[in-house]
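Take a look at the letters that make up each chain.
There are 4 protein chains.
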Amino acid sequence: MEIVITAVGPDNIGLADPIIHYVTGQGANIAEIQMYDHDEAAVFAMLLRIHLQVDSIDPLRGTVEQLGRAKGLSVRVWSPEPTGRTARLAICTTYRPEPALSLLRAIRDRQVPAEAVVMLGNRDRCRGLAEQFNVPWHSVGNPLGIPDEEEIVRVLDEYRVDYVILARYMRVLPATTCWKFAGGRIINLHHGLLPSFPGIRPYHEAYASRMLTYGATCHFIVPELDAGNQIIYQSTFTVPPGMKLEDITRLGQEDNEPHCLVEGVRRVVQREVLLHFHRVVATPPS
Amino acid sequence: MEIVITAVGPDNIGLADPIIHYVTGQGANIAEIQMYDHDEAAVFAMLLRIHLQVDSIDPLRGTVEQLGRAKGLSVRVWSPEPTGRTARLAICTTYRPEPALSLLRAIRDRQVPAEAVVMLGNRDRCRGLAEQFNVPWHSVGNPLGIPDEEEIVRVLDEYRVDYVILARYMRVLPATTCWKFAGGRIINLHHGLLPSFPGIRPYHEAYASRMLTYGATCHFIVPELDAGNQIIYQSTFTVPPGMKLEDITRLGQEDNEPHCLVEGVRRVVQREVLLHFHRVVATPPS
Amino acid sequence: MEIVITAVGPDNIGLADPIIHYVTGQGANIAEIQMYDHDEAAVFAMLLRIHLQVDSIDPLRGTVEQLGRAKGLSVRVWSPEPTGRTARLAICTTYRPEPALSLLRAIRDRQVPAEAVVMLGNRDRCRGLAEQFNVPWHSVGNPLGIPDEEEIVRVLDEYRVDYVILARYMRVLPATTCWKFAGGRIINLHHGLLPSFPGIRPYHEAYASRMLTYGATCHFIVPELDAGNQIIYQSTFTVPPGMKLEDITRLGQEDNEPHCLVEGVRRVVQREVLLHFHRVVATPPS
Amino acid sequence: MEIVITAVGPDNIGLADPIIHYVTGQGANIAEIQMYDHDEAAVFAMLLRIHLQVDSIDPLRGTVEQLGRAKGLSVRVWSPEPTGRTARLAICTTYRPEPALSLLRAIRDRQVPAEAVVMLGNRDRCRGLAEQFNVPWHSVGNPLGIPDEEEIVRVLDEYRVDYVILARYMRVLPATTCWKFAGGRIINLHHGLLPSFPGIRPYHEAYASRMLTYGATCHFIVPELDAGNQIIYQSTFTVPPGMKLEDITRLGQEDNEPHCLVEGVRRVVQREVLLHFHRVVATPPS
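Chains as they are written, first to last, in my numbering: chain X, 602 to 887; chain D, 602 to 887; chain F, 602 to 887; chain H, 602 to 887.
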């Protein structure tokens, strides 16, 4: 069974040793290790992907969590492998409802075999959507929209979320949160074509470049500042010269972005694509 | 009648004066002037777009060409306005035949109301195509493929070409040639999405960025080194993760690029778009 | 005598004709014309650089201004040529006083042969500096620091300013103001190396790139959105690995930036460099 | 003692396990692990930085090399810690002799406490330099200048090189070679300012941008395609407008580049800077 272990700690000393010791002692084969030490930012983290001959990850999880507690590490043990259950999604939102709505419909109509187990918002704009689809809602922002990052992690843990879907969630997740759910569990919808238009106003920037093609990108978030290009799906549309920016933006927001997110999430939960050493690869035929 | 006059001269002194004097004396309204003086590169040029109440540009052309001869200027007088005739195209090629073939078919099938009056190649690969469609062919390259730039201009003048179509012509036109046919008469097919992938290997670069969207761009060439983004049409296609570069490239070359060129040329010859002060604009309703 | 005429008008029709007619009728040789028509932004402008055999530009100015009034154009006539007087500078400021202070000292100590005839600020931070050096001060910002763009132009005209010095003035001049003083009369200090770090936080961006070289750039503002690289002077400093961003920024602000501005302004007012068709060139030996 | 172990293997399976098992069993603390699996490029590698209480790395090296042989891994064990000996440098060259010459002089004059134990060239241009300074020379290029990558590694191993200095060596080291000497052992001189001008013609590119500042960058090579910005030292010079490209290039090549390389190498061999998780940091005071 493929198992992903993440650990985030207060410093670099002793971050890796106890967990690696333990799992290799259990006969695990190490498939991937990523370590991260950003002294200035005080972020120390590790991702460990292993293969272990077990039927359940629960015993391993128990022991590794115990190790974590003893060493002051925040530890998570997760397996991407299908186990008869559908993937559990958290959908994070800010203002725009269209991508979340499309995803909720696609789940309801069984086009995306997953379950929306919780919705979060740093703004309350999409709360009605959660009620409409009977999904538990958590407001995680203060009146200025600044999110409580610890509360977000707590909610994701509480609902035993497999994948975190950023459906036009307009905040940057802190590096520690990214590491806690590393290994291809955070999926973002960016409303521009990556890597060309990475900023917060990609429609404006493409328009200023006088492009006639606009697009959206569904990609994994990987927890390094400079990483990128973990693209799961991109969709585009073309416009005639002279179309106004607001019309272009509306086309993108109402049609292209929702489509892009739904197809991207579908590829992940149906395990058509994998994140492998920072690269998205097609799942090899077994 | 809208008239475009271009002049290219040996130096900056006296480049503008005689022509501007003459046409304003004839009662012309000046709509646009672009001057260019690149001392280091010894390129001195002017574009003059005027409106003049005449039924024919022939008398004006005669006088301006006389002025040009007297001053050592290379002068061209052209009108984009429909005059009952179809647009006369020169199709420039190097190796890849697909875009030129698609354009020739679209002309034959009257999807693009134009006439291919001449084909040029710095390589001979597309000569058979010209023969197949009964279009006069001119080889303009030496055995190394280096084109004879003066011969190209001579051919374009001889065939009284309205638009120069660079159908995967893999050479950069010199600035003087661009100026001689300035004003929206040179149309290029670039095999990548502009402005993101401007180089000579856009498929490779997009692939190295791990993009899942590939595209082509049909755009006007404007005669400054740094200009860009005069986009007439862009078309894209999306691929699944893991598709090999050679398969992506083949999809682009055989299907997406030809479509992009045909639609771009159609927009220009049907006067749906105009080049106006370095920007492509939709033709205003008259 | 070299004369620069700028005209900004309400639309494109008739912008160029009357002035060009008049000056060519006076026997002027046209050295450079730049026209600009940005329909979407409603900016229509022209720069005309001519040579005319006159001892004074005053008669020409009178007539051209009359033409402007008749046609609704905002017209300016200026000559860069030395006429026995020192260059008249306007120094525009926001918060940081160091570059303006250094320039005022260099003028006082006659290292820069110019006169600071007026200082402006969209914030009042540098008002004391103006008082200290007995330079008239104009506050041009509202309480939010938003400048009154028409008042700025009015002040620049009132003081018959030759050059506008943006000494860490943190606002973007509107295109119309840039056109009114086109031809190499607006000099900006950018606190980063251009073209690599064009944004508003160049120290942060270079630091994020983990560079060990930081710099400042003194350049002409040219009135097109995409223009750039009209660099008059650049100065740099290097730092050891591990130096903190605030220490780097302080080094740059207190030492490198002021030096960069003073040397840049000196080059312009001593006519060592010229703006020629959007390029900065060394003044040819006469 | 800090010890760096690198392993490069034929595939990902079993790359990490035996070595990690062994060293953690010996009581090593793991300070850093980097793993790399580029399936398409068939590059599989690991960097392991550990702390171990030993007086000599020789016993560890012996065992780990034995493990490597058994598993088909190419293994290297190295310690950056001072042990009374001077650092052993390999200087790699192509055409330009100036940087290598400056470094050899600085070593001779004891400004850089190191020993040039071998020089390599994919071209023979710098062979005379090696003879002049009595450094063994190895030609590693074929008549076209294409280097024998295996021979390079063999020579570096044979001479027990601590640091590989790329002194205007104009070839890209393959990823496998970079991994074999990972951990801050490969130092490159780039003849432009990074990250702005990364290409092979940085003088041309900066000149085309009309910059007045030119620079060189001494940096660690890290073995990922997208990594960068591991800058050890940068030095710059400024030029007046109008200076010709060939004069700028000569200034850079003859003066600025050699200075940049010498100071960069000095910082490394005197352990003023370290490579720590892909970032260059100042050595913390012990």
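Treat the hints with care, as some may be off.
Since the list gives no way to pick out one identical chain from another, each pair is judged satisfied if it fits inside one copy or across any two copies.
As the list claims (entries may be wrong) - Calculated lysine to aspartate or glutamate pairs in the DMTMM-like style (CA-CA distance at most 25 Å, straight line): (1) Lys845 / Glu751; (2) Lys672 / Glu633; (3) Lys845 / Asp618; (4) Lys845 / Glu750; (5) Lys672 / Asp612; (6) Lys672 / Asp848; (7) Lys845 / Asp749.
Note that these hints are calculated values from the structure, not bench results.
> Does the structure break any of the earlier hints, and which numbers would those be?
Replying inline: When the structure is compared with the hints, numbers 1, 3, 4, 6 and 7 turn out to be violated.
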